[in-house]
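Participant: Sequence:
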Amino acid sequence: MKRPELKQFNGFEKIEDYPVGTYYEAGFLTVTNDSYRSFDYFIDKDKCKNCLECYLYCPDGTIEKQDSYVSINQDFCKGCGICQKICSFDAIERRSK
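Positions 65 to 161 (the working numbering) are the ones given, in order, by the sequence shown.
Quick caveat, the hints were computed from the structure, so don't treat them as lab data. Please read these numbers as outputs of a predicted model, since none were measured by experiment. C-beta atoms are modelled at their ideal positions from N, C-alpha and C, and glycine is treated no differently. Misleading hints may appear alongside valid ones.
What follows is a list of derived Cβ distance ranges for each label pair [to be verified]:
| # | residue 1 | residue 2 | range |
| --- | --- | --- | --- |
| 1 | S102 | N74 | 17 to 27 angstroms |
| 2 | I79 | G125 | 22 to 32 angstroms |
| 3 | K113 | K78 | 34 to 44 angstroms |
| 4 | K66 | G125 | 18 to 28 angstroms |
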């Protein structure tokens, strides 16, 4: 069986050749994670100060910025709880499904 040639990557020659960032924007998941979570996370809009810490730390990009608040896209949230742990205002609640 003939295999494709594997070229060795020796790094970039110039700093301009490095990629600027990731290829996809946050929130690019196409398969929902809703089926295996045992908890849902919700943002209490009265406690939320729009500091966007949860938005920055969410590994899956499921926290969405709206005009005056943020929300969690439950279809793609995997339930890791990072947003709840990082929130300084206790604005993110975990509820059983």
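Participant: Now look at each hint and say whether the structure bears it out.
Facilitator: Hints versus structure:
1. S102 to N74: 17 to 27 angstroms: Violated, at about 47 angstroms.
2. I79 to G125: 22 to 32 angstroms: holds (27 angstroms)
3. K113 to K78: 34 to 44 angstroms: holds (43 angstroms)
4. K66 to G125: 18 to 28 angstroms: For K66 and G125 the Cβ distance comes to about 40 angstroms; the hint is violated.
Figure legend: structure checked against the earlier numbered hints; hints not met, in rising order: 1, 4.
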